[in-house]
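One letter stands for each residue in the lines below.
Number of protein chains: 4
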Amino acid sequence: MIIVMKPQAVREEIGAVVKYIEDHGLSVHLSQGEEVTIIGIIGDKSKISSENLTVYKGVDRIVPVTESYKLSNRKFHPEPTTVSVGNTSIGPGILTIMAGPCAVETEEQLMEIAIQVKKSGATILRGGAYKPRTSPYSFQGLEEEGLRFMQNAKKETGLSTICEVVSREAIEAAVKYVDMIQIGARNMQNFILLKEAGRSGLPVLLKRGLCATIDEWLNAAEYIIAEGNPHVVLCERGIRTYETATRNTLDLSAVPVMREKTHLPVIVDPSHSTGSYKYVPAMAKAAVACDADGLMIEVHNDPAHALSDGPQSLTFEKFAKLTGELKPFCDVIGRSFNPADSH
Amino acid sequence: MIIVMKPQAVREEIGAVVKYIEDHGLSVHLSQGEEVTIIGIIGDKSKISSENLTVYKGVDRIVPVTESYKLSNRKFHPEPTTVSVGNTSIGPGILTIMAGPCAVETEEQLMEIAIQVKKSGATILRGGAYKPRTSPYSFQGLEEEGLRFMQNAKKETGLSTICEVVSREAIEAAVKYVDMIQIGARNMQNFILLKEAGRSGLPVLLKRGLCATIDEWLNAAEYIIAEGNPHVVLCERGIRTYETATRNTLDLSAVPVMREKTHLPVIVDPSHSTGSYKYVPAMAKAAVACDADGLMIEVHNDPAHALSDGPQSLTFEKFAKLTGELKPFCDVIGRSFNPADSH
Amino acid sequence: MIIVMKPQAVREEIGAVVKYIEDHGLSVHLSQGEEVTIIGIIGDKSKISSENLTVYKGVDRIVPVTESYKLSNRKFHPEPTTVSVGNTSIGPGILTIMAGPCAVETEEQLMEIAIQVKKSGATILRGGAYKPRTSPYSFQGLEEEGLRFMQNAKKETGLSTICEVVSREAIEAAVKYVDMIQIGARNMQNFILLKEAGRSGLPVLLKRGLCATIDEWLNAAEYIIAEGNPHVVLCERGIRTYETATRNTLDLSAVPVMREKTHLPVIVDPSHSTGSYKYVPAMAKAAVACDADGLMIEVHNDPAHALSDGPQSLTFEKFAKLTGELKPFCDVIGRSFNPADSH
Amino acid sequence: MIIVMKPQAVREEIGAVVKYIEDHGLSVHLSQGEEVTIIGIIGDKSKISSENLTVYKGVDRIVPVTESYKLSNRKFHPEPTTVSVGNTSIGPGILTIMAGPCAVETEEQLMEIAIQVKKSGATILRGGAYKPRTSPYSFQGLEEEGLRFMQNAKKETGLSTICEVVSREAIEAAVKYVDMIQIGARNMQNFILLKEAGRSGLPVLLKRGLCATIDEWLNAAEYIIAEGNPHVVLCERGIRTYETATRNTLDLSAVPVMREKTHLPVIVDPSHSTGSYKYVPAMAKAAVACDADGLMIEVHNDPAHALSDGPQSLTFEKFAKLTGELKPFCDVIGRSFNPADSH
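Protein chains in written order, with numbering that gives the first Met the number 0: chain D, 0 to 342; chain B, 0 to 342; chain W, 0 to 342; chain X, 0 to 342.
No lab work stands behind these hints: they were computed from the structure. No false leads were slipped in.
It does not matter which identical chain is meant; a pair holds if it fits inside one copy or across any two.
Lysine to any residue pairs mimicking SDA-like chemistry, simulated, CA-CA at most 20 Å apart: (1) Lys-5 x Pro-79; (2) Lys-194 x Arg-167; (3) Lys-175 x Gln-150; (4) Lys-118 x Lys-154.
All chains should be built: construct the whole structure from the sequences, respecting the hints.
The structure is reproduced here in structure tokens:
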């Protein structure tokens, strides 16, 4: 933590800041430049609410020099992490494809989709049973019944499964039925839910909040890991910007940025970010090319009649075509497309 | 709902869209322009996931013509609503000031602040007992103990009280101790929590999400009201933009926009939006001038030692000076500054 | 300028950074913390492209500690500046109202508007003769003829005049006819135009770019002042955000922020920012309440037939009502509403 | 153009809107829904400033149904365009790589870079001679001398050349020395410059403005083409968002979106968008994978001593490594990497 003083700051003002720091059991390092004085804090910064120092007279600003997240920080955990999910995994050398409907609608629908996405190379079945919807009048999901359908689809196809959770009750149910839980974008800073997800012990897919910074996203991961659950995968799913030609703006640069800042795997959701099936293939390929560890793609048997997010869902044909096109990209980038293929 | 077809759309494509709509029991109205055909849907739109129509060939885009929120919509409830909170209220003709510390720290601190903010004209005491913090290593609040301190401060001063809630447990506790609950920005689309807040029956202050649109914000209010709780007050607290000179960008235009779109009261939080005590007075005055129904302002006995958000907290002196300066603005705008004064 | 090294940075890496700095004739100040080493640069930073240091191994990031703008910086010019425009002025103690049509359409129209806005308290007539329009097929302005109409309106009414310029030719023409030139939002970083505006010697109204930071805006002002023209007034006119309920998001907090960072006057344009006449009065009042030095408001004799920006233009009646309502706010804030009134 | 009336709109209000439209020589098509009336305009919309209709009583909003750009619109020009630049070209089937320094510094430097980037597969040499810089105190470029160095580098290496222009003078000079001119992000809505670029007849690389929408970007292209110059290439270079981990947010989805909306080629600049050499390779690969027609990459002989944008420049080694890695992606996507290679 560095405190930058104003050019006009007088000796007494500098002294007051130094005293505040020393009163908290820390020591300081003064650097007297030609224009301004800079005060470095030495010691355990967790003892001090350094942001408060901005209220001291003569202080220009406070510059943090270390990140607040530790367990998810690559500086302290240089090796990339592989997260196991059911009988598959997410991490270096693999391209994991999660696919399925936005919302689980019926058991037959889910089973049909499961069989088809497996055939095209997906190893994890996604399907929403608890749907956070903007309007209270939209379809909110089948809840525990939807989870049971997911379990049945797993038994039938051997696919691993993931489901979004929105409450402690949903987590308690999910633990019984699926292999991985998802924290959605709207709940990325629902810290109560993050702690519950941490305590569940299940692998967690943590979607980026709609306007979350990289730093806030890693701090959200930190909430989960701090509860003793290190099985966290990050999912870039588009951020909110002024541009409306796509539903959100897919921030693909977040993939290499995250690779530098964290050891956790990072996957990309081209469906929610673009909001249109037309743009999903191009963005899926781009995600693979910039070295994402996986993809989450919405696939529906009949997008025109989907109960949620029809416009961005791929048909079986479009999904099969896409995964076929992704394979050579995987070869180039050095990822095995589908470890289940080897059987 | 209007479907705009592409210029090249052929008769069969238009026919397929019409069939889809009629199959759902609705009727259509075709408008053949020189460049494009437009299809209007007539009937109860809730029967149809109209967004799905974008997957039909020849469809250019879907244009909604009615809002999804009804109960909070001024079109259907033209008279402005007044919300009662303890022994005070929020609505037309009144400027309600909520003030207090970001976080409740000790009983003595809270009592001292309560006495001082009351003296300066606040009628509602704010104080966080459950703190959603970006980092898991930051102070997270005193929880139920903090609520008890709030209750004691109310007994002592007669101020009404408000406290943020972050979970069902927090709501269950809050109901016992405080007059109004707050849904914070990070939980604005935590739909489970919104429903719980609706069921609590307590008046709810609904803060705008960090990147929530006006439309999403009103839909969040709709979640609460749809549970049978119409006592909702909206709070503009800054949105996330590219500008970093302030913590967030206070979107004051949201006040007149909301006045047009909803009958619910709207207040403004100049503390969290600007992130600096230096900018709070100017923005508080601006909020009053554009006809906000109230203000939520952070006040602390010793900002330099606050456990949360010290930089944006006003001292007692600064708060007293500000409320003094606000009074003539209230006179101009035609709001009674502090109805409690009349006693 | 401070260089923050990575925790793992080794002695050789620190040495290479120090050598780079010293090779440029500057000296360093090392601060060895528990986690990281920080290197302060002492001396004339203009000798060094310090951002380049991020390419050195072991460097985490570069933190600037001083602003790049000097002439517009309040740190070095603590007294607020008053800018004279024709027979009026903009600065402390005055609320200057600029009003008029978005685009000059005919001489009769401009004259009628000039007479009316003067009657309601405006002291500067605005009117666009060179219109930067998104589409090449929209009305682009009357150019020099429009400037002549402005000059005639000035002769007739005594109002001072302002006109946007978009090229050197426009500046050369404007110098002959109007009292102040305006650099529009789209040209805020058209550095060639800024320099020409600086050389013109005329007072310049510098609108904030649609996504300009406070820092970039002040650097744009610096371009003008560095050419020897200190007569610069800043105009906040809304920034681009994700919110579409208003055309742009009026960043009123920029007023107190600018008050702190610069000695230049700051005015507010509630017309372009909101894009709707319905929201102009509320935002105009808010701007006055947070101590803006003036307002720029679009007024039109017949908004429904305006050639540009009709939806945000006030009618004469609405403008007269608004200025009447602004007067008591001026009294409260301590600004003389219209010095011309005193005649 | 569709006018959506408010639910409460009465017959007289609807009649007034209809009269306005018919008075302009257009006809209307009324659609009476259960909740609202919708009025479609039939005829040549350029006769009417339809936005003005929002000032009519009873009007809820105006919905445009056709784009304002025509010449750049794929709806009317379905075949993709190939743009010739010197002895190379940009368009389907080719991946064109533009590389070189941010700013031309010396003739020797430029020549060395030209030889190296050619060796690694670039076919167009970039180099800034007119630099638009945020601060007036930063290096502003060698101007015409820099252009002469570009011409010499072309003679020596056979590379085609591109240079940014910032004024009519710069365009007049550029025409004499280089093969393609660039309109930078800050000038994307400098309409005077766009028209001059159109009149120059040279191929134009049009960078996306920092906060330009897709629609505004295509309208800017329209300005150039409307002057009779159809040789326009679009360049996505990152947009401004709240995220600061990268300098801007590369909006790669703009590539497939533009592919749908326009016939013009689209290239990507991973250097300016990310602002860091570390992220350039990943984003360059992603751009190729999502079918961009080319890349613009900054390469410098000594990034630590670059006069502009050192942190984002690749060294020769890094650039050679990257182009080697790009080749297999070109094979997969079906683009010839470097047509000059065939000689």
